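Dock chains B and C against the given chain A, drawing on the hints supplied.
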Amino acid sequence: MLMETVARWFLDLYETTGINLTIVYDAYDRQRFLSGLGMTIYLAVVCILISIAIGAVGAWAQGSPLRVVRGLVNGFVVIFRNTPPLVQIFFFYFGLGQILPRIEDADGMRVPILTNVQWAIVSLSLFAGAFNVEIFRSGLEAVPRTTTEAAQALGYTRLGVYRHVLLPLALRICLPALNNNLVNLLKTTTLAYAIAVPETLYVSKQIWTDSQNVPVMMIVLLIVYTLLVGILVFIMHRWEKALAIPGYGQGSGR
Amino acid sequence: MSAPPPRRLEPSEAGAPLAVLLPFRPPPPAAFAWPRLRLVHLVGIAGLVLVVGGAAHAQASGARLSALEVIWRWLPLLMWGFGFNILMSVLSMALGTAAGLGLGLLQIGENRLLRRVAWAATQFFRNSPWLVLLFFAMFMIPFQFTVFGHTMPLPDWVKAVIGFSLPVMANMSEIVRGAVASLPSGQWEAAESLAFSRRQTMWRIILPQCVKRMLPPWMNLYSLITMATVQASIVGVSEMLTLTSQVHAAEGGRPDLLAPLYGFAMLCFFLYCYPIERFTLYLERRFQLNQ
Amino acid sequence: MAALSPPEDFGWTPDQPLIRLVDVRKSFGAIEVLKGVSLDVAKGEAICIIGPSGSGKSTLIRCINALVPIDSGTIRVEGQEVNDPDLDKLALRRKVGMVFQQYNLFPHRTALDNIMMAPLHVLKQDRREVEARARALMAKVRLAGKEKAYPGELSGGQQQRVAIARALAMRPDVMLFDEVTAALDPETVKEVLLTIRELAEEGMTCILVTHEMGFAREVADHIYFTDAGVIVEHGPPASFFDDPRDPRTQAFLGQIL
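Residue numbers (UniProt numbering), protein chains in the order written: chain A, 1 to 254; chain B, 1 to 291; chain C, 1 to 257.
Derived by calculation from the structure, the hints in this document are not laboratory data. Since we're looking at a predicted model, the values are computed, not measured. Possibly wrong hints are sitting among the right ones.
[To be verified] Derived Cβ-Cβ restraints for the label pairs, each shown as a range:
#, chain 1, residue 1, chain 2, residue 2, range
1, A, L49, C, A182, 50 to 56 Å
2, C, R217, A, R238, 36 to 42 Å
3, B, F287, A, V57, 28 to 34 Å
4, A, K241, B, I276, 31 to 37 Å
[Said to hold, decoys possible] A few chain B residues that don't get close to chain A, going by computed Cβ distances all over 12 Å:
#, residue
5, L65
6, M138
7, P184
8, T201
9, W218
10, R278
[As the list claims (entries may be wrong)] A few chain B residues facing chain A, derived, Cβ under 10 Å:
#, residue
11, L133
12, F148
13, R177
14, M227
15, A228
16, Q231
17, Q246
Here a beta-carbon is modelled for each residue, glycine too, at the ideal position from N, C-alpha and C.
So that you can see chain A by itself, here it is in the shape it has in the complex (with noise of 0.2 Å):
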C-alpha cells in the first residue's frame, strides 16, 4: 500500500519535472538496481576480509629469516601496488581464466573453474592485499624491538610474538592507513564493471540505458557511493575507538 503510494508519487515526479527515478517507482529497476548493491557490497565485504587476512599474513612473512620467502613477498607487494588494477584483473579473468581447465559442473557442462565474480574477489583482494602488506609492515616497524624481546623472554614462539604481542599492536597503529586503504578498495570495486560482474555501476549502466535517464542514474550512483564510503568510514571509527589504548596518541585523553 505504502509503496504503492510512493511508487506513484515519483511517477508523478516523472511526469511534472522530468526527474525519471525508474528505480523507485519500477519493480522491475528497483529489483535490479538492489542487486546490483548487494553486489557492491559482497564485494566490497569479501575483499575487505581477505585483503586484511592477505595484509597480516604477508606482513608476517617479511620477517621471515628465509630471503627467498621476503624476496617473494616484496615482489608481490611491489607488482600489485606498481601496475593497473584494471589490467590485473583482466590479466586474472580473460588471461589466467582462458588458460585454466575447465571443468563439469553438475549437469555435465563444462564450465570456467572460477566465474567472474570469483575472478573479480581474487584480483580486488590481491591488490588491496598488496597495500594492506606495506601498511602492516609499517605499523609493525613501530613496534619496539624491547617489545618483541620481552614477549620473547617470556617464553613465546616467533608466531605467538606475532600473533599475541606485535599484530595487535602495529595493529592500532596503522589503523588510519588500513581505513584509507579500504575506503580505496570499496571504490575500487567499480573496475568489476569491466568483467561484466553486475555490481552497482553495471546495474545502473543497463538502467539508464533502457530509460535514458542518465543525468539522474548518474547522481544517484555518486550519492549512493559517497553514503557507502561513509558507512564503511563509520565504522572503521567505531573499530579505532574500541581498540584506542589508553594514554596513546589521539584516541586517548580527549
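Structure of chains B and C alone, referenced to chain A:
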C-alpha cells in the same frame, strides 16, 4: 604556560611519554639508489617477464607465433597506446593540480561559506569511485562546445582527461589542507606578530614551507592517476588496453595470448610507476630526517 | 596589502603609560584564564611577569598584540585601544615586537632573510636600507657571519637571538618576550639574556614573561606576580624579592629560590 594553545599533538610527542609504541612511520626507510638492482626488483621484473613469456612460450608451436613474437610485432602500436596513457595522465594531473590547489586554498580560507562548500566538494569527489567520475564526465560533458559562434568538437579523450582530473583535484585539495595543517601554529603566530597580513603569511611563510611536504603525496597521486588512465578503455578511448585487445583480435583471438598481452601492459606500467614510487619513498625519508 | 596608513595619534603623550591594562578578562571555554588584570608600563621601563605555570602569563602578553582577543576590559598601547573591533591589528603589531619560546623562525629562509622579510613586505621599505639594518642587527646580537645560515643550522640560543633581531628590525616601541629561554640549553641561556639586558639598558620598553628569577631581579624595573589569573603582588625587584607580602608569593618564591 597559561592558556592552553589550540595545538595539535605531534605524533612523536604523543608517543613520547609511553615507551610502548614508536611513532607511526610511513613505509620503508631504504636509501634511494635505483641504479642498483636488488633482489626485490629482480623478483618483481622476473615475475612479470615469466607471466609474459613463460605462459605463452609453451603454447607456441608450428606456424603460430609465440607470444613474445606477437608482442614484438605490435610493439610500436602498443607503445603508442602507452604513450597516450602517459599523455592523459600528465594532462589530467596538470588540470587537477591547478584546480585542487584552488579548492584546497578555499578549504582553509577565511570565508566560512566558501570553506564549507570547498570541503563538501572535496569530500564528494574524493569518496566517489574514479570510474563513476569518468562515466560522469563522459556523459555529462557535451560532445561539442560553441564559443563565439564556432563549434568546437570535444573528443572523448579530452572528456576522459577532465574525468580523471576530478579525483586528482579532490585529492590535491586534501594534500594542500593537510600540509598547511601540519605546520606548527607558531609559524602563524610569529608571522602575525610581525604584522604580516593573512594573505602575505599564506604566500610568503606557510605555502613555501608546504611545497616540500606536499611533494611525496603529490607524486603518489600521479602514480595512481597514471594507473587509472587504462579505465578510459571502458568508455571507448583508444589507449593501451583497448589496443591490447585489438591486437589480440588481430592475432585471431587465441586465448593463450591474453595472459602475455595483459602481462606486457602490466610490465610497461610497472617500469614507469615503480621508479616513481621509489623516489617518493626516498623523498619522504629525507624529509623525516630533516625535520 | 593596503597602503600603510600614517601612524595615528590617539592623544597619547610620552608622560602617560606606554601600555595600560585595565581589568582584562579572558576565558577559554569554561576556564577563566585572566580574571581582571590591570597594569601600567611606562616608556623605557622593563617589567617582568612571573608566576606558576597556568597562571595566565603567556595569555596576558599575547593579548597585548591582539594575538589573543580579550573578552572584556581595556588594553591601550600608546593610547590605541586593542579591544576595539575596528582595530587595525597590523598597525598595532608594527609597534609591538614579540619573541616566542619556540623561536618560530621561518625555516625556509636564511637568518638574514628572516630579519629582512617583514620590513620588506610589510613596511615596504627600501631593500638596501633594510639589508644594512639587518646586518647591523645580526652584529648587535653577536651573530655576524651567520647571515647565510638557515634556522635549522643554528643552535637554539642562536635562533632565539635571530628571532630577537627579527622583531627589532620592525623598530618596535615595545618588545614582548614570552619565556624566551625556557626551551634553551642552560649554556645558551646566558647569551640570550645578555642580549635582552642590553636592549633594556638602551631604553627599550620590555615586557618579559620569565622563570629566570636572578635575571628578573637584575633587569626589571618592576615585577608582577600572577597566580590563577590575577596579579597577586607587584613592586620593584628589591622589595618584591626580599620582602614579599602575600603568602602565595612567599610560597612561590620559597619553592624557587
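Against the structure, the hints come out as follows:
Checked against the given bound of 50 to 56 Å, the beta carbons of L49 (chain A) and A182 (chain C), roughly 51 Å apart, stay inside it. For R217 (chain C) and R238 (chain A), the Cβ-Cβ distance of about 57 Å falls outside the hinted range of 36 to 42 Å, so the restraint is violated. The given range of 28 to 34 Å is respected by F287 (chain B) and V57 (chain A), whose C-beta atoms sit roughly 31 Å from each other. Range check, K241 (chain A) to I276 (chain B): Cβ separation about 36 Å, and the 31 to 37 Å hint holds.
Under the 12 Å C-beta cut-off, the non-interface status given to L65 (chain B) relative to chain A holds; the minimum distance is some 17 Å. A beta-carbon of chain A comes within 12 Å of the beta-carbon of M138 (chain B); the shortest separation is about 10 Å. No Cβ of chain A comes within 12 Å of the Cβ of P184 (chain B); the nearest lies about 17 Å off, and the non-interface call holds. A cut-off of 12 Å between C-beta atoms confirms that T201 (chain B) is not in contact with chain A; the least separation is 27 Å.
Here W218 (chain B) stays apart from chain A, with its beta-carbon at least about 16 Å from theirs, past the 12 Å limit. Listed as a non-interface residue, R278 (chain B) fails to keep its Cβ farther than 12 Å from every Cβ of chain A; the least gap is roughly 10 Å. Because the closest C-beta pair between L133 (chain B) and chain A is about 8 Å apart, less than 10 Å, the hint holds. Given hint, F148 (chain B) at the interface with chain A, is violated; its Cβ is 27 Å from that chain's nearest Cβ, farther than 10 Å.
Interface hint at R177 (chain B): violated, since its Cβ lies 15 Å from the closest Cβ of chain A, which is beyond the 10 Å cut-off. The beta carbon of M227 (chain B) comes within 4 Å of a beta carbon in chain A, closer than 10 Å, and the hint placing it at the interface holds. At about 7 Å, the closest approach between the beta carbon of A228 (chain B) and any beta carbon in chain A falls short of 10 Å, and the interface hint on this residue holds. Checking Q231 (chain B) against chain A: minimum C-beta separation of about 6 Å stays under 10 Å; hint holds.
For Q246 (chain B), the suggested interface contact is broken, since its CB lies about 14 Å from the closest CB of chain A, more than 10 Å.
Of the hints listed earlier, those the structure fails to meet are numbers 2, 6, 10, 12, 13 and 17, in rising order.
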